[in-house]
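Could you put together the complete structure from these sequences and hints?
Here's the letter readout for the chains.
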Amino acid sequence: MAELIKLLSEVEEFKKEYFYRNSQAEENRQKDNQAANRAYLSNLHKKAIIIQKIWRGFTARARFRQMVKAAYFIMKMNFYEEMAVRIQRRWRGFFVRKNIHNFYARKSYLEGLSRKNKLVRRELDELEELQKRERDCLEMVKKQTAKVYQAHRLHHLISTKQCPGVFNSPFRPAPHEMELLLRQVKYHAPTRLAPRGRACLLSLPGPRASSFPGTLGSPWVKTTGTAFSSRPTLPPIASKKQQGLFREPGEVWEQRVHCPDLTSRLQTSYTHLEEAQNQLRQHMSIRLPAGKLGTGSMLHHLSHSSTYFTQPAFSKSFR
Amino acid sequence: MSQRQIIQVFEQYQKSRMQFVQTVADLAVRPQNIEILQSAGVLSMLRPLMLDVVPSIQQTAALAVGRLADHSDDLAEAVVKEDILPQLVHSLASQNRFYKKAAAFVLRAVAKHSPELSQAVVACGGIDALVLCLEEFDPGVKEAAAWALGYIARHNTLLSQSVVDAGAVPLLVLCLLEPEMALKRIAASTLSDISKHTPELAQTVVDNGAIAHLAQMILNPDAKLKRQVFSALSQISKHSVSLAEMVIEAEVLPAAVACLKDPDEYVRKNVTTLMRELVKHTPELSQVIVNCGGTAAVIDYLGDCSGNLRLPGIMMLGYVAAHSESLAMAVILSKGVPQLALCLSEEHEHHIKAATVWSIGQIGHHTPEHAKAVATSNLLIKLLELYMDASSSEDLQAKSKKALKSILQKCTYLPHLEPLLYDVPSNILKHVVCQFSKVLPHDSKARRLFVTSGGLKKVQEIEAEPGSPLQEHINAINSCFPEEIVRYYSPGYSEALLERLENYQPA
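Residue numbers (our numbering), protein chains in the order written: chain G, 225 to 543; chain U, 17 to 523.
Mixed in with the good hints, there may be bad ones.
[Said to hold, decoys possible] Restraint-style ranges between C-beta atoms, simulated for each label pair:
id	chain 1	residue 1	chain 2	residue 2	range
1	G	Lys366	U	Val25	53 to 61 Å
2	G	Trp315	U	Leu235	47 to 55 Å
3	U	Gly319	G	Leu362	21 to 29 Å
4	G	Gln312	U	Leu235	52 to 60 Å
5	U	Gly319	G	Trp315	43 to 51 Å
6	U	Gln487	G	Trp315	42 to 50 Å
7	U	His106	G	Arg377	49 to 57 Å
8	U	Val257	G	Lys366	45 to 53 Å
[As the list claims (entries may be wrong)] If you want a taste of the chain U side facing chain G, the calculated C-beta under 8 Å gives, among others:
id	residue
9	Val273
10	Leu276
11	Ala313
12	Ser350
13	Asn443
14	Lys446
[To be verified] BS3-like mimics (lysine-lysine), calculated; alpha carbons at most 25 Å apart, straight line:
id	chain 1	residue 1	chain 2	residue 2
15	U	Lys296	U	Lys212
16	G	Lys277	G	Lys293
17	U	Lys240	G	Lys356
18	G	Lys340	U	Lys418
19	U	Lys240	G	Lys366
20	U	Lys426	G	Lys331
21	U	Lys474	U	Lys426
22	U	Lys212	U	Lys128
23	U	Lys351	G	Lys342
24	G	Lys331	U	Lys388
25	U	Lys351	G	Lys340
26	U	Lys388	U	Lys421
27	G	Lys342	U	Lys388
28	U	Lys418	U	Lys388
29	U	Lys351	U	Lys417
30	G	Lys331	U	Lys351
31	G	Lys356	G	Lys371
32	U	Lys128	G	Lys340
33	U	Lys398	U	Lys421
34	G	Lys342	G	Lys331
Note that these hints are calculated values from the structure, not bench results. Cβ atoms here follow ideal geometry from the backbone N, Cα and C, with glycine treated the same way.
So this is what it looks like as structure tokens:
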């Protein structure tokens, strides 16, 4: 019995225990459930991390591989470019030295330039010299013609045998150069001489300009020469109106003079007989060469001869 | 009263008018009479006489007015205000050639003074009438008209454009072909005045074929014509490369170079100006001029003249040298540097000196070789003097400083650099010391010479701020020499030695 009672009490106690435990379990159920959930989630997390780890590792390795590839490529490119620069450097140096900054070409160019400069300088100096000579020459010719003209105007100051002129002072060792010039220049009446002198002044430098003589004497001799030679050729009828523009006045004059002589029929003059007699008479009376003077036909021929003014016999006959 | 007597009255009146006009015209020749004539109211008297029935009176009155206007711009303004111009322009078209000449003279005299007066001439239709006069047969009329057009075109772009618009250029080019020397001269000068303003105007002149005719006239013996021809060519070529090339293509060059020996100095000046204008555009054009010996001729020309005539030659050398180093070498080989040194010492005016200094800088700044050529002519010292001279103008100082700096930066010829160590402002000294610091490490002979000539001592005496470039250069120089030598030459070394002597106790 006692045992039964003990058992009963134990049952009772067991029941209590049971209730207690049940209630405990009931109390903790929520908590336990949550804990179980958490464990599962953490488990899942762990798995996810593994997956991510592997994936990330994979992509990073892939990216790294790419980077290495690129770096290698860049390195290679750098190397190639460096080599290319080396080649270009050599080539450009060679090319420029060969063609553009060629030392020898430059040297020869500079030499040529200095030669050219020398040449130009010499030519310009020559040109200047030439121009200067030309100007001097023109100046001289002008001066000489002016002097000759002056001498024409001052011809009355020439010294005579009796009385020395102004330019020929007896106190001088030698006569003045003007005196010498005066002696060489012929005297002419100023009325007729003035225009001719001016014409002389104007016309002379023209032809002389092209061929300039270097010596001092030549222009002077030429001017006096033209002054002398031009005068006698002119016929002594300057006051008359000249014939035509088509023929030279001298030629016309000659024609006029020669006209009766040229006819074939009349070989001798109409007054030939008389003249001959006259001539004979003169020869008899005066035995002089000036006897020619009186002859009429001879005068015609003499009138246009070139020695008309400068014949010494002519002047002698007046004495 | 008989008919004779009546007519006599008129004749007398006409005679006295004529006499009055002629006397006024004669009086107007002298500038000192102008004021009295003006106060006597001469213009209002002459104005009706310009409309006189007798042509000779008209003409002489116009001549008198022209002379009056020629002398003073007050009277020229008065002529404009009196409304004389419109009637002049009107009669310019209808009257005989003597009157035309006188009227063109009046227009010229009025237009000469100022752009406003020229504008007044343009406003009353003067240009068209003058251009019509250019078509006249008489060379005197043409000359007067061309002259008046030139004076109008001279003032500014607008006026010269209006001359061109009136169609004057082809007629002026035709005038160049006339046999009269005076007409040729005036036409050339007018073309020069027209083309000097803008490239477009110059292009118009060129398009009418002026260059070929101008180039032909270079060989003309007349000096005044040559002056105008060269002036026109330089005014044309100054604007652009293409115009300059056209001038070169007209084969002006050998003849132009020969004209540098012309007896007339203005011909020579204008030739040099032409060369300057040609050269300044491109290296190729400069090369053409250098190759035909232009530089040598210009350098010789610089020796012949003086004063302002030298200026274009000096500038031409500078322009040539500025283009490239081989051209600068060509200038040096043509003995340009000694000639420029001569110019620098002979000339007194600051603008010429400034131009010379600029040219020297252009020659020397290319390579050490060029700098040496400049230095051997002793120009560095001279440039320094000009820079230091307080009386030099600002421009001259700036130019000489720039030239000195650019030459010093290339100069490696030490004997000529050494004098520059003494009495030099620090901004120049910097460059000198820099050159030494570059050369000395590589040249043992120069180092030796530098010590014996006292250069090192001078360098030790320089007081430079620590850290400045000058101090760095000095340090670079000092590092080329053994320490003892540097110390020996430092200032205060003797005192240090004496001090050591005093402190020394013999054992």
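Hint by hint, here is what the structure shows:
1. G/Lys366 <-> U/Val25: 53 to 61 Å: 55 Å, holds
2. G/Trp315 <-> U/Leu235: 47 to 55 Å: Holds: the Cβ-Cβ distance is about 52 Å, inside 47 to 55 Å.
3. U/Gly319 <-> G/Leu362: 21 to 29 Å: 27 Å, holds
4. G/Gln312 <-> U/Leu235: 52 to 60 Å: Given a distance of about 54 Å, which is inside 52 to 60 Å, the answer is holds.
5. U/Gly319 <-> G/Trp315: 43 to 51 Å: 48 Å, holds
6. U/Gln487 <-> G/Trp315: 42 to 50 Å: 43 Å, holds
7. U/His106 <-> G/Arg377: 49 to 57 Å: Holds: the Cβ-Cβ distance is about 55 Å, inside 49 to 57 Å.
8. U/Val257 <-> G/Lys366: 45 to 53 Å: Holds, at about 48 Å.
9. Val273: 7 Å, holds
10. Leu276: OK, holds: U/Leu276 within 8 Å of chain G, min 7 Å.
11. Ala313: Since chain G brings a Cβ to about 6 Å from U/Ala313, closer than 8 Å, the hint holds.
12. Ser350: At about 5 Å, which falls below the 8 Å cut-off, the nearest Cβ of chain G leaves the hint on U/Ser350 intact, so it holds.
13. Asn443: Hint violated; U/Asn443 Cβ to chain G Cβ min 34 Å, cut 8 Å.
14. Lys446: 31 Å, violated
15. U/Lys296 <-> U/Lys212: 16 Å, holds
16. G/Lys277 <-> G/Lys293: 24 Å, holds
17. U/Lys240 <-> G/Lys356: 18 Å, holds
18. G/Lys340 <-> U/Lys418: 33 Å, violated
19. U/Lys240 <-> G/Lys366: 22 Å, holds
20. U/Lys426 <-> G/Lys331: 21 Å, holds
21. U/Lys474 <-> U/Lys426: At roughly 22 Å apart (the allowed maximum being 25 Å), U/Lys426 and U/Lys474 satisfy the hint.
22. U/Lys212 <-> U/Lys128: Distance ~17 Å between U/Lys212 and U/Lys128 Cα, so the pair holds.
23. U/Lys351 <-> G/Lys342: Holds, at roughly 11 Å.
24. G/Lys331 <-> U/Lys388: 18 Å, holds
25. U/Lys351 <-> G/Lys340: 13 Å, holds
26. U/Lys388 <-> U/Lys421: Between U/Lys388 and U/Lys421 the Cα gap is close to 14 Å, so the pair holds against 25 Å.
27. G/Lys342 <-> U/Lys388: Distance of about 23 Å is within 25 Å: holds.
28. U/Lys418 <-> U/Lys388: This hinted pair holds, its Cα atoms lying about 17 Å apart.
29. U/Lys351 <-> U/Lys417: Holds, because 24 Å separates the two Cα atoms, which is no more than 25 Å.
30. G/Lys331 <-> U/Lys351: 17 Å, holds
31. G/Lys356 <-> G/Lys371: Answer holds: G/Lys356 to G/Lys371 is near 22 Å, not above 25 Å.
32. U/Lys128 <-> G/Lys340: 46 Å, violated
33. U/Lys398 <-> U/Lys421: 13 Å, holds
34. G/Lys342 <-> G/Lys331: 17 Å, holds
Hints 13, 14, 18, 32 from the list above are not met by this structure, while the remaining hints are.
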